[in-house]
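Student: Quick note, the sequences are listed as chains A and B, same order. Reminder that position 96 of the first sequence reads as 95 in numbering that gives the first Met the number 0, one-by-one numbering, no gaps. Reminder that position 147 of the second sequence reads as 146 in numbering that gives the first Met the number 0, one-by-one numbering, no gaps.
Check before you lean on any hint, since a few could be wrong.
[Stated by the list, open to error] Derived lysine-lysine pairs resembling PhoX-like cross-links, with alpha carbons at most 20 Å apart:
no.	chain 1	residue 1	chain 2	residue 2
1	A	K1	B	K387
2	B	K451	A	K4
3	A	K3	B	K349
4	A	K255	A	K181
5	A	K199	A	K244
6	A	K212	A	K225
7	A	K212	A	K199
8	B	K303	A	K3
9	A	K210	A	K251
10	A	K188	A	K199
11	A	K219	A	K294
12	A	K3	B	K181
13	A	K212	A	K129
14	B	K303	B	K377
15	B	K97	B	K377
16	A	K251	A	K114
17	A	K255	A	K188
18	A	K219	A	K114
19	A	K1	B	K449
20	A	K129	A	K251
21	A	K251	A	K199
22	A	K3	B	K449
23	A	K244	A	K255
24	B	K449	A	K4
If you are wondering where the hints come from, they were derived from the structure by calculation, not from laboratory data. Everything numeric in this text was worked out from a predicted model, so none of it was measured.
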Amino acid sequence: MKDKKWILIGLGCSIISILFIVLSNYLINPNYYFKHNIFSIEKSNPDERKFKTNYLANNQSTNNFNTILLGSSVATYINQLDFLNMSVYNYAVSGMIPQEYIYAIDYLDSQNSHKVENVIIGLDFYTSNKNEIERISSFNIKHYISNPTMKYVTLENIKFLLEGEPLSRYYYRWKNIKYAIKLDNDIIKRNMEYSIRIIKKELNDYVYYLKYKEDLFSIKNRYKNKFFIIFIPPITTPLLHLILKEHFIEYKRWVKDIIAVFGQVHSFAYFNETSNDFLNNFQDGRHFYPSVGVKIAKDISNNETKHSIILTKDNIDIWLRNLRDNLK
Amino acid sequence: MLFNSYEFIFAFLPATFFIYFYLNQKNLIDISKGFLVFSSLFFYSWWNIVYLPLILVSMFFNYSIGTTLSKYKENLVSKKSILIFGIICNIILLGYFKYSDFFIENYNTVFNTNSNLLNLALPLAISFFTFQQIAYLVDSYRNETSEYNFLNYSLFVTFFPQLIAGPIVHHKEMMPQFSQNKNKSMIYQNIATGLFIFSIGLFKKVIIADTFAVWATKGFDIATTLNVFEAWATSLSYTFQLYFDFSGYADMAIGIALLFNIRLPINFNSPYKALSIQDFWRRWHMTLSRFLRDYIYIPLGGNKKGDFRTYVNLFATFLIGGIWHGAGWTFVFWGTIHGLGIVIHKLWNKFGVKLWKWVAWLLTFNFINITWVFFRAKEWDDAIKVLKGMFSLDHIVLPQFLSNKFLWLNQYGIEFGGFLYNLQGGLNIIVWICIGFFLILIPKNIYQYKFKSSSLTLFIFIFCFIFSITQLDKYSEFLYFQF
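Given the sequences, and given the hints that come with them, work out the whole structure.
Tutor: Have a look at this one:
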């Protein structure tokens with residue numbers, strides 16, 4: 000083959016292939032990179048940090064939220080439309096840590112028609128684990144906000160097609176709503192065993208993050224005009240039991256730190272009907288179904304305690320004592 | 000600007016290439032060279048324009064000293080004094096930006112003071128362009144430089160393919176190429192070869208090195224403890240990351256330069272196939288080794304002053320090489336153990352004991368792998384953590400699937416579960432490490448193949464190029480940019 004021909008074919012094929020990838024990325028739109036939804040495809044297993052950030056950017060002209068919901072993967076199952084009297088954007092993402100909150104709040108403020116008034120935060124116990132924070136910190140949402148996404152030339156669309164429905168146990172639809180498929184009991188039991196193994200590992204590696212309270216204070220002080228609503232998401236009885244057994248002192252300190260900063264916290268994490276009946280309410284040890292999310296949204300919206308308890312400095316000691324008694 | 004970025008591949012490189020050859024075609028030779036210098040400075044300034052004056056001043060200064068030296072007739076000031084002045088100025092510049100905080104920190108520790116750190120950002124490529132220009136000054140002193148004009152000299156220093164992370168080029172191999180007329184027009188064979196080598200380098204960096212980088216980072220920077228498998232996986236991940244990252248960069252640099260009909264020197268020759276530490280340094284970062292040999296080891300006396308002085312000279316050269324890589328005790332220690340390693344190798348050779356080839360390889364590879372731990376670790380504690388994990392048998396975790404057959408090992412403290420949990424890569428890590436070993440040991444070095452425009456090379460180019468392009472969304476710099 001002549002060199003000139005080699006160059007022409009090589010560059011020609013490369014350019015055509017890249018154009019094909021660009022076009023298919025545009026049409027399939029796997030991570031809400033573009034504004035359109037031509038094929039109305041359900042998004043399974045997407046990169047939540049990426050698409051929730053892109054979603055805001057692509058709907059800048061119509062974003063009109065007064066509340067932001069932050070939290071970990073469990074909070075992603077709360078339908079943002081289930082909150083009453085609030086227009087909520089669910090910016091919860093898998094493994095979110097408090098060190099990301101400021102970036103998320105500022106970003107939503109910048110993409111919204113006005114600054115949000117309420118911040119709802121779902122706090123999980125792992126957010127107080129120094130080692131877990133270090134492990135997760137490389138995924139910080141600021142990376143997605145500060146670096147314009149390379150949206151045209153990626154293989155995400157192909158991955159998306161390969162990993163697509165109906166195999167995934169959850170999926171996204173437009174309007175940033177996450178759905179979950181009801182799993183068989185055997186699968187849930189297996190998932191539960193796996194969750195216990197993982198959480199045991201995490202708990203073995205647990206070190207209380209000493210700047211936890213300070214970090215939460217700095218978030219609260221930064222947004223003096225916003226109203227904070229804090230909740231602790233529900234968790235299955237076996238996992239809660241394990242956490243309290245292994246790290247009761249740290250758990251106590253964690254809840255007290257939250258109350259010291261925010262005054263009160265809605266706790267859904269205690270031994271009750273929902274946590275005991277995990278086969279109907281949970282997909283694994285931690286992740287509940289959206290039906291549980293409805294209960295959370297209602298309690299929070301109405302400041303009710305039908306499915307939760309509001310913890311303050313006045314009742315925290317009694318509540319913790321009860322929790323410990325339940326362990327015996 | 001990174002070689003592995005869209006702006007470089009789709010905008011900067013094609014624009015520079017076509018404009019350069021268009022100007023040459025119109026016989027505007029000096030303007031085309033000037034354009035290449037301008038493009039290179041633009042490329043350099045893309046990160047931070049603040050340091051543009053620094054490289055310009057360094058260039059003017061060294062060119063003035065160099066031309067003075069080459070024309071100098073002994074006068075009030077000796078020629079050697081001018082050379083020493085020139086070298087000291089370069090070392091002060093490098094030392095100020097690279098080592099001042101290191102000295103202040105140590106001064107504070109030793110004398111229990113509290114002097115403020117300067118917190119200077121290291122100007123990009125300063126270690127590389129300083130070394131290149133010191134070589135130019137020394138050769139001017141030896142009357143080994145021709146009368147270069149400033150335009151050619153500027154191009155020699157700033158030529159963008161090699162500006163940021165080498166290869167460390169020598170004026171003797173670059174200047175004649177910039178002047179040759181046959182290099183002024185497009186040569187299709189060079190373009191095809193250049194594109195091919197560039198795509199291989201891009202693939203090495205984006206697909207291989209960046210994959211290992213994730214596990215190396217988790218093991219070194221994030222995990223608090225490592226079991227024996229995690230520790231070995233961490234050190235091997237970094238060993239492979241560094242090689243594929245740096246040699247990938249060198250391939251890309253060589254490929255890009257070839258598009259402009261410039262041949263850069265080879266910088267890697269399958270270094271992990273080395274059978275001794277000396278062999279390794281003849282294959283790894285070859286242009287740095289060449290510089291250290293010609294401008295440090297030989298001027299110190301080389302091997303001409305007896306065995307003892309040879310060992311001292313070798314040790315000193317490697318120590319300087321270690322310090323050149325970075326301002327930190329881990330780098331000093333890394334240079335020291337490489338210096339000691341090469342001295343021991345010399346002594347070993349003197350006794351004439353021959354090792355089996357595979358034993359020699361195993362020893363050499365493990366020496367390199369273990370010493371990279373100091374090279375990579377940000378703190379002493381990180382290095383100790385990884386080494387402790389590698390050599391301590393206190394914390395062994397085996398894969399869960401082995402628990403059925405080997406549960407009895409529990410009584411010896413051996414656990415079952417996520418044996419690579421802290422690296423979060425599962426069996427992928429094992430597969431990639433096997434791929435890494437295969438690639439460093441089995442195929443011949445790319446430069447040992449004579450490139451032919453065939454269907455096979457075409458397929459490899461298209462595959463490597465497209466696949467790498469689709470993975471560019473993970474922003475990652477080259478490791479050697481920090482040195």
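Student: For each hint, tell me whether it holds in the structure or not.
Tutor: Hints, one by one, checked against the model:
1. A threshold of 20 Å between alpha carbons decides the hint, and for K1 (chain A) with K387 (chain B) the separation of about 56 Å lies outside it, so the pair is violated.
2. Between the alpha carbons of K451 (chain B) and K4 (chain A) the distance comes to roughly 12 Å, so the proposed pair stays at or under 20 Å and holds.
3. A distance of roughly 54 Å separates the Cα atoms of K3 (chain A) and K349 (chain B); the hinted pair therefore is violated under the 20 Å criterion.
4. Pair hint K255 (chain A) plus K181 (chain A) does not hold up; C-alpha atoms about 35 Å apart against a cutoff of 20 Å.
5. A hinted pair counts as satisfied when its Cα atoms are at most 20 Å apart, and K199 (chain A) with K244 (chain A) qualifies at roughly 11 Å.
6. Under the criterion of a C-alpha separation no larger than 20 Å, the hint pairing K212 (chain A) with K225 (chain A) is consistent with the structure, at around 18 Å.
7. Restraint check for K212 (chain A) and K199 (chain A): the C-alpha separation of about 25 Å exceeds 20 Å, so the hint is violated.
8. Distance hint between K303 (chain B) and K3 (chain A) is unfulfilled; the C-alpha atoms sit about 52 Å from each other, more than 20 Å.
9. The straight-line distance between the Cα atoms of K210 (chain A) and K251 (chain A) is roughly 16 Å, inside the 20 Å bound, and the hint therefore holds.
10. Distance hint between K188 (chain A) and K199 (chain A) is fulfilled; the C-alpha atoms sit about 17 Å from each other, no more than 20 Å.
11. For the hint linking K219 (chain A) to K294 (chain A), the alpha-carbon distance of about 26 Å lies beyond 20 Å, and the restraint is violated.
12. Distance restraint check for K3 (chain A) and K181 (chain B): the Cα-Cα separation of roughly 18 Å lies within the 20 Å cut-off, and the hinted pair is therefore satisfied.
13. A threshold of 20 Å between alpha carbons decides the hint, and for K212 (chain A) with K129 (chain A) the separation of about 13 Å falls inside it, so the pair holds.
14. About 38 Å separates the Cα atoms of K303 (chain B) and K377 (chain B), which puts this hinted pair outside 20 Å; it is violated.
15. Annotation: proposed proximity of K97 (chain B) to K377 (chain B) holds, straight-line Cα distance about 16 Å (limit 20 Å).
16. With a C-alpha separation of about 34 Å, the suggested pair K251 (chain A) and K114 (chain A) falls outside the 20 Å cut-off, and the hint is violated.
17. Among the hinted pairs, K255 (chain A) with K188 (chain A) is inconsistent with the structure: their alpha-carbon atoms are about 33 Å apart, more than 20 Å.
18. Proposed proximity of K219 (chain A) and K114 (chain A) is supported: the alpha carbons are some 15 Å apart, at most 20 Å.
19. For the suggested pair K1 (chain A) and K449 (chain B), the alpha carbons sit about 15 Å apart, so the restraint of at most 20 Å is met.
20. Between K129 (chain A) and K251 (chain A) the alpha-carbon distance is near 16 Å, which keeps this suggested pair within the 20 Å criterion.
21. Distance hint between K251 (chain A) and K199 (chain A) is fulfilled; the C-alpha atoms sit about 19 Å from each other, no more than 20 Å.
22. A C-alpha spacing of about 17 Å is found between K3 (chain A) and K449 (chain B), which places the hinted pair at or below 20 Å, so the restraint holds.
23. With a C-alpha separation of about 18 Å, the suggested pairing of K244 (chain A) with K255 (chain A) holds against the 20 Å cut-off.
24. For the suggested pair K449 (chain B) and K4 (chain A), the alpha carbons sit about 18 Å apart, so the restraint of at most 20 Å is met.
In this structure, the earlier hints numbered 1, 3, 4, 7, 8, 11, 14, 16, 17 are contradicted, and the remaining ones agree with it.
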